[in-house]
Amino acid sequence: MSSTAVVNRKIEYSESENRNALIAVKAHLILGLAVLLLMMLAGLTMRAVQGTWLEIGADLFYQIMTVHGVGVVGAAGIGSTGVLWYFLRQYVRLSNTIFWINFFVFVAGVVMLLGSIFLGGYGGAWTFLYPLPGKSMGVWSTGAAAVFQLALLIIGTGFLILYLDMGRGILASFGSLSKALGLPQLFGRVPVDTTHPPTVVAGTMVLIVNFLGIAAGAVVLVMGLINLYNPEFQPDALLMKNLIYFFGHVFINATIYASVTAVYELLPRYTGRPWKTSKVFYAAWFAIVFMVMAVYPHHLMMDFPMPRWALIVGQVLSFGSGIPVLVVTGYGALMIVYRSGIQWSTTTKLLFLSMFGWAAGVIPAILDAMVTVNRVFHNTMWVPGHFHFYLLLGLLPMMFGFIYHLTGEGRQGEQPKAADNLGFYAYLIGAFLTSMVFLASGANSIPRRWATHMAEWVTFAQVGTVAAALVVLGMLVFTFRALFSLPKAAEPR
Amino acid sequence: MVSTVYAITLVVMALIAAVFCFVIVNSKKVETDYSSVTKKWYGVRGKWFFFLLTLGVIITYLSLSPFPIPDQKKGYQENEYQVVKVDSYQWYWTMTPNTVEAGKPVTFLVTSGDVNHGFGIYDENLELLGQTQAMPGYTNKLIHTFDKPGKYKILCLEYCGVAHHAMITELTVK
Chain A
1 MSSTAVVNRK
11 IEYSESENRN
21 ALIAVKAHLI
31 LGLAVLLLMM
41 LAGLTMRAVQ
51 GTWLEIGADL
61 FYQIMTVHGV
71 GVVGAAGIGS
81 TGVLWYFLRQ
91 YVRLSNTIFW
101 INFFVFVAGV
111 VMLLGSIFLG
121 GYGGAWTFLY
131 PLPGKSMGVW
141 STGAAAVFQL
151 ALLIIGTGFL
161 ILYLDMGRGI
171 LASFGSLSKA
181 LGLPQLFGRV
191 PVDTTHPPTV
201 VAGTMVLIVN
211 FLGIAAGAVV
221 LVMGLINLYN
231 PEFQPDALLM
241 KNLIYFFGHV
251 FINATIYASV
261 TAVYELLPRY
271 TGRPWKTSKV
281 FYAAWFAIVF
291 MVMAVYPHHL
301 MMDFPMPRWA
311 LIVGQVLSFG
321 SGIPVLVVTG
331 YGALMIVYRS
341 GIQWSTTTKL
351 LFLSMFGWAA
361 GVIPAILDAM
371 VTVNRVFHNT
381 MWVPGHFHFY
391 LLLGLLPMMF
401 GFIYHLTGEG
411 RQGEQPKAAD
421 NLGFYAYLIG
431 AFLTSMVFLA
441 SGANSIPRRW
451 ATHMAEWVTF
461 AQVGTVAAAL
471 VVLGMLVFTF
481 RALFSLPKAA
491 EPR
Chain B
1 MVSTVYAITL
11 VVMALIAAVF
21 CFVIVNSKKV
31 ETDYSSVTKK
41 WYGVRGKWFF
51 FLLTLGVIIT
61 YLSLSPFPIP
71 DQKKGYQENE
81 YQVVKVDSYQ
91 WYWTMTPNTV
101 EAGKPVTFLV
111 TSGDVNHGFG
121 IYDENLELLG
131 QTQAMPGYTN
141 KLIHTFDKPG
151 KYKILCLEYC
161 GVAHHAMITE
171 LTVK
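As given, the protein sequences belong to chains A and B, one line each in that order. In terms of the numbering used here, the first sequence has 426 at position 426, counting the first letter as 1, and numbering is strictly consecutive. In terms of the numbering used here, the second sequence has 1 at position 1, counting the first letter as 1, and numbering is strictly consecutive.
The hints are simulated quantities; they were obtained by calculation from the structure and are not laboratory data. Hints may be right or wrong, so weigh each one.
[As the list claims (entries may be wrong)] Here are the computed lysine-lysine pairs in the DSSO-like style, where the Cα-Cα straight-line distance is at most 27 Å:
no. : chain 1 : residue 1 : chain 2 : residue 2
1   : B       : LYS174    : A       : LYS276
2   : A       : LYS279    : A       : LYS26
3   : B       : LYS174    : B       : LYS151
4   : B       : LYS29     : A       : LYS276
5   : B       : LYS28     : A       : LYS276
6   : B       : LYS73     : B       : LYS85
7   : B       : LYS29     : B       : LYS104
8   : B       : LYS47     : A       : LYS279
9   : A       : LYS135    : B       : LYS153
10  : B       : LYS85     : A       : LYS135
11  : A       : LYS417    : B       : LYS153
12  : A       : LYS10     : A       : LYS417
13  : B       : LYS39     : B       : LYS28
14  : B       : LYS153    : A       : LYS279
15  : B       : LYS74     : B       : LYS40
16  : B       : LYS28     : B       : LYS85
17  : B       : LYS40     : B       : LYS29
18  : B       : LYS85     : B       : LYS74
19  : B       : LYS148    : B       : LYS85
20  : B       : LYS29     : A       : LYS417
21  : A       : LYS10     : A       : LYS179
22  : B       : LYS104    : B       : LYS148
23  : B       : LYS40     : A       : LYS276
24  : A       : LYS279    : B       : LYS74
25  : B       : LYS85     : A       : LYS276
26  : B       : LYS74     : B       : LYS104
27  : B       : LYS28     : B       : LYS40
28  : B       : LYS85     : B       : LYS153
29  : A       : LYS488    : A       : LYS10
30  : A       : LYS26     : A       : LYS488
31  : B       : LYS85     : B       : LYS29
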């Protein structure tokens, strides 16, 4: 199929709609980048405290830990939404107004989160694990915990509204979610159309899982809020844990599945080779729809009253979740770059790096999701090790690569600037070391979420601090580049 | 177990890195006929998929039989097991008794009086030997046999508030 057919699928918007949409996407990306930079500084601070190079109170440490967790998840959410929305609107008609509404709802939620943490003293971690928000032993007030949970509820509502619009747009263009996922092609009811956009498949998957994930999150947040003001209402702690981890796991995983659209859309442009959909591609994404939602019990393996079957499902699907990236998306990226004559710009380097980060990041995750391994790795530094690998080297390079693409870098034979090279390699080395030090710490049984480390663990934290400083250096370059080049950048052709 | 898992992680990640480096090194030389590239590597992909599938089945079977978590419905009698009742609170542990014998299995009955905690058993070298969650409304049964006498530490492994990191106690094994 020629590329002309792909162009013909694209939705026509007015010039003013396109201009407004581009501004909105840039606003999402710049906000995401700025929040991420602040969260990396928060991470650096925590590592310095654990490494005894900085002294702060435990209450402040756990407030920073809380803002770091919720900030990274939120920034990943808003940034990845910017990426997905930018590409998806090319194939389905999406509303700029609703996109902006979600943005401002998100900003309002962020203000509430910051108030609850730094004015109200809330330090119950971003996971708000019931019944901790209501039992702080006087460290934070009920009001602070309530504002934190209300903020998450409001942010979630904004995303739900956006997903409704995406769902409407997908149904209007493709007729059903099933067709958008390519299922009639997968099951042989219609011939395979290799030009069916991968972005539509990914966007539909994200829409389905995040809608359900956020709905579960809303349920648990409302139950938590009721408990705060009516302590006699005591929901089951294990049920609450299930809902929280279902919501949290789905939401953070959906960010990478949303952002990978940048790889599907941009690597073909930089290599001159198409990313064609196929039965294997549809099968992988169809499986992902279920696996992302059903795999969350791997967070609950040390909750022994969990049904045995649920933990087995958690282990098996954790392994299964690695297969699509190792066999389809990562493998596809390798094929498309191999002997393509690609020009290595910061854009393409970041996009290709993201595939490595995702593919390699699944390994420690899969191993930790084995029940027998989880007994000695759960809630150690191994866990932040694998998710920092995923996020720093997988998800964020997708977003950063997209930002560099929007700035116009890497096209027309332009060579990366020295500052961009410095940023890229500082970030690469720093992110890799940060993650590997976390993994090494986990392999040495060092627990996560400890404000004060024992003397035997301090060296790990100090090396981690240096690594985190390198990440911040790289991030500063990316942020300055985005702030100076992105606002005035024209729509890439 | 821990060092094996760590070594496997490093080796597999290094192999993945090597594959990506191979592609980077081979990215400049242009092969204009992309269909010949896909034809060749799609063939490899099928084998790669079946390799991963087979590996997954083998690992699943070997790692889950027998199931690594003790039966929570079973009553663990005191003539076969040493029974230790563990209660957790913000931010301390109570263990009754807090001394056990080496060589005979210990059943820890772990619960919480307030929020979620994590009951982690560490040896004198600060190596994590086993753990379970301590949850309000539930009693988790964790079985562990200590190989040698000594002073073992119990650390909290689930974030439980401002003094979470100070929630440490000691278990004596004779």
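CA of LYS104 of chain B to CA of LYS148 of chain B, is that 27 Å or under? 11 Å, holds
Does the alpha-carbon distance linking LYS28 of chain B and LYS276 of chain A stay inside the 27 Å limit? 22 Å, holds
Satisfaction of hint between LYS153 of chain B and LYS85 of chain B, Cα-Cα up to 27 Å: 16 Å, holds
CA of LYS47 of chain B to CA of LYS279 of chain A, is that 27 Å or under? This hinted pair holds, its Cα atoms lying about 17 Å apart.
Assess, step by step, whether the Cα of LYS74 of chain B is no farther than 27 Å from the Cα of LYS40 of chain B, and give holds or violated. Between LYS74 of chain B and LYS40 of chain B the Cα gap is close to 55 Å, so the pair fails against 27 Å, i.e. violated.
Would you mind confirming whether the straight-line C-alpha gap from LYS153 of chain B to LYS279 of chain A stays at or under 27 Å? Violated, at roughly 53 Å.
Given pair status - LYS104 of chain B, LYS74 of chain B, alpha carbons within 27 Å: Measuring from Cα to Cα gives roughly 18 Å; hence the hint holds.
Pairwise hint evaluation, LYS151 of chain B against LYS174 of chain B, where the allowed Cα distance is 27 Å at most: Roughly 9 Å between the alpha carbons, so the hint for LYS174 of chain B and LYS151 of chain B holds.
Is LYS29 of chain B within 27 Å of LYS276 of chain A, Cα to Cα? 22 Å, holds
LYS279 of chain A and LYS26 of chain A: Cα distance at most 27 Å? Violated. LYS279 of chain A to LYS26 of chain A sits at ~34 Å, over the 27 Å cutoff.
Does the alpha-carbon distance linking LYS85 of chain B and LYS74 of chain B stay inside the 27 Å limit? Holds, at about 16 Å.
Does LYS153 of chain B sit within 27 Å of LYS417 of chain A, going by the straight-line distance between their CA atoms? Violated, at roughly 53 Å.
Against the hints set out earlier in the document, violations occur for numbers 1, 2, 7, 11, 12, 14, 15, 16, 24, 25 and 31.
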